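A.B. asks: Letter by letter, the chains look like this.
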Amino acid sequence: MAEPARAKPKPTPETQHFWDGTAAGELRLQRCDACANVYFPPRPFCPSCASRKVSVFKASGKARLYSYVINHRPAAPGFTPPYAIAVVELDEGPRMMSNIIDCPQTPEALELDMKLEVAFEKLDDKITLPQFRPAKG
Amino acid sequence: MRRNQVAVVGAAETTELGVIPNMSQIQLHADAALNAIADAGLKLSDIDGIATAVETPQQIAHYLGIKPTWVDGTSVGGCSFMLHVRHAAAAIEAGLCKTVLITHAESGKSMIGKLPRSTPPDSLNGQFESPFGVFGPPSMFPIPVLRYMKTYGITHEQIAMVAVVQREWAAKNPRATMKAPITVEDVLNSKMIAYPFRILQCCLVTDGGGALILTSADRAKDFPNKPVYVLGTGESVETPMVSQMETFNSSRAFTTAGPLAFKEAGIAHKDVDHLMIYDAFAHLPLFGLGDLGFMPHEETGKFIAEGNTRPGGKLPLNTNGGGLSYMHSGMYGMYALQESVRQMRGIAPAQVKDARISVCHGVGGMFAASGTIIFTNER
Numbered sequence: 027m028a029e030p031a032r033a034k035p036k037p038t039p040e041t042q043h044f045w046d047g048t049a050a051g052e053l054r055l056q057r058c059d060a061c062a063n064v065y066f067p068p069r070p071f072c073p074s075c076a077s078r079k080v081s082v083f084k085a086s087g088k089a090r091l092y093s094y095v096i097n098h099r100p101a102a103p104g105f106t107p108p109y110a111i112a113v114v115e116l117d118e119g120p121r122m123m124s125n126i127i128d129c130p131q132t133p134e135a136l137e138l139d140m141k142l143e144v145a146f147e148k149l150d151d152k153i154t155l156p157q158f159r160p161a162k163g
Numbered sequence: 069m070r071r072n073q074v075a076v077v078g079a080a081e082t083t084e085l086g087v088i089p090n091m092s093q094i095q096l097h098a099d100a101a102l103n104a105i106a107d108a109g110l111k112l113s114d115i116d117g118i119a120t121a122v123e124t125p126q127q128i129a130h131y132l133g134i135k136p137t138w139v140d141g142t143s144v145g146g147c148s149f150m151l152h153v154r155h156a157a158a159a160i161e162a163g164l165c166k167t168v169l170i171t172h173a174e175s176g177k178s179m180i181g182k183l184p185r186s187t188p189p190d191s192l193n194g195q196f197e198s199p200f201g202v203f204g205p206p207s208m209f210p211i212p213v214l215r216y217m218k219t220y221g222i223t224h225e226q227i228a229m230v231a232v233v234q235r236e237w238a239a240k241n242p243r244a245t246m247k248a249p250i251t252v253e254d255v256l257n258s259k260m261i262a263y264p265f266r267i268l269q270c271c272l273v274t275d276g277g278g279a280l281i282l283t284s285a286d287r288a289k290d291f292p293n294k295p296v297y298v299l300g301t302g303e304s305v306e307t308p309m310v311s312q313m314e315t316f317n318s319s320r321a322f323t324t325a326g327p328l329a330f331k332e333a334g335i336a337h338k339d340v341d342h343l344m345i346y347d348a349f350a351h352l353p354l355f356g357l358g359d360l361g362f363m364p365h366e367e368t369g370k371f372i373a374e375g376n377t378r379p380g381g382k383l384p385l386n387t388n389g390g391g392l393s394y395m396h397s398g399m400y401g402m403y404a405l406q407e408s409v410r411q412m413r414g415i416a417p418a419q420v421k422d423a424r425i426s427v428c429h430g431v432g433g434m435f436a437a438s439g440t441i442i443f444t445n446e447r
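These protein sequence lines map, in sequence, to chains A and B.
Every number in the numbering used here is 26 more than the matching position in the first sequence, counting from 1.
Every number in the numbering used here is 68 more than the matching position in the second sequence, counting from 1.
Since the hints were made in silico from the structure, they are not lab data.
Keep in mind the model is a prediction, meaning the values are calculated, not measured.
Do not rely on the hints blindly, as some may be mistaken.
[Stated by the list, open to error] Distance condition first, Cα-Cα at most 30 Å in a straight line; then the derived BS3-like pairs of lysine-lysine:
id : chain 1 : residue 1 : chain 2 : residue 2
1  : A       : K88       : B       : K218
2  : A       : K34       : B       : K177
3  : A       : K162      : B       : K218
4  : B       : K177      : A       : K141
5  : A       : K162      : A       : K79
[Claimed, not checked] Not everything, but these chain A residues come out facing chain B in the computed CB check (under 8 Å):
id : residue
6  : P100
7  : N125
8  : K152
9  : T154
Here a beta-carbon is modelled for each residue, glycine too, at the ideal position from N, C-alpha and C.
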């Protein structure tokens, strides 16, 4: 029997640009043309000032580790415990949930505020997930 | 809203709590409702308003044979019942109805007649949280904890004490699920669930329910039990995604709902005799103490670790044993309200002597929503 797969996102018209971005190796955010607010998750208006004039841009991919748990049980389908579920703070401001790869999944290795950089994990032809790894240098 | 215009005149939990394999979820609602109606000395036909969460008001009204002229199906998680109390008080004051029944029940353990919870893959949670391995509340609710600890210098031992102290309260309560004493070492050596939290820092999973009946304060004196007045109320929501909270150092839903209720009640923190803070997980009482303004967040861990909230302490907190030791069917807010009402009636198993003001603070989802109700037994 095949391993149960991890939950896969299904894009909507408002989020398609984000998932097109990860598939192309880019982390895409939105910025309000009126008030310059950078926000996440995607939506075609600014949640700060309600302007519908917003632009998609490529984020730096730089982040820091804001907080996390190391999940032991119950494990989500497609995950082998223990694994960290992290919230990262992007250099541009917004936070997002992700995983920390290329790093032991231990409290000692996962230091709050450690510098991270985005990596991309392809699930299939349509969906690539943004992941983060300890920044080099 | 004006103070003390509405009162709780009926309050009861299901006949049994814990594992109830012989009752479906809707029957648990009915069992609690019938107990509350008996407690108030009313007939079902006296009820003209109904509020419930997860199950719809039409399901519960039809099952019980109630013909309401006012309904509230606010369903924002485990604090929905605090919001129902607030909404019902406003509705009664506005003359929309006279006697409101609020029900909660959940077959959380036995899972009989319970709709499965699901997260569609095209929802925002489904796209931006589920793919990263969240799987149920234990993997989500504690995500802010490490940041909170770092910001305020809170220790693992201090958070473990939340579970230890609540077990002390539970030991006094014959209906509590877990009564055996535990130590900080027991907590920190218990089975790891989602670091930094171990199983003794996570709520129980049980079956049960509860119901409340509210009416105008002017009518309340004619009921068989001591009326418990609604002194102040507050509510708010923030985000369904824990990752998108404004900060992990605080809950915006808490800092909105709590102060609203205190302002409405016109009381200061020193006036509070009894406190309930919904504890689905052990960090919630710390967030609650700070966000409700009892003390700076830096002091919350120390305050609990030093025993201030334990039996005999200066601020009795979660006196039924809480979600960690009393019971937790999935939406615990109703049980926190029941304990506040018992304390105000003077009939709680671990009664706080001469308690006159009780603050009952609830959370919904993973810091998604909040409701605060302040009760008093003096008008």
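A.B. asks: Just pull the numbers of the violated hints for me, sorted ascending.
C.D. replies: 4, 5, 8, 9
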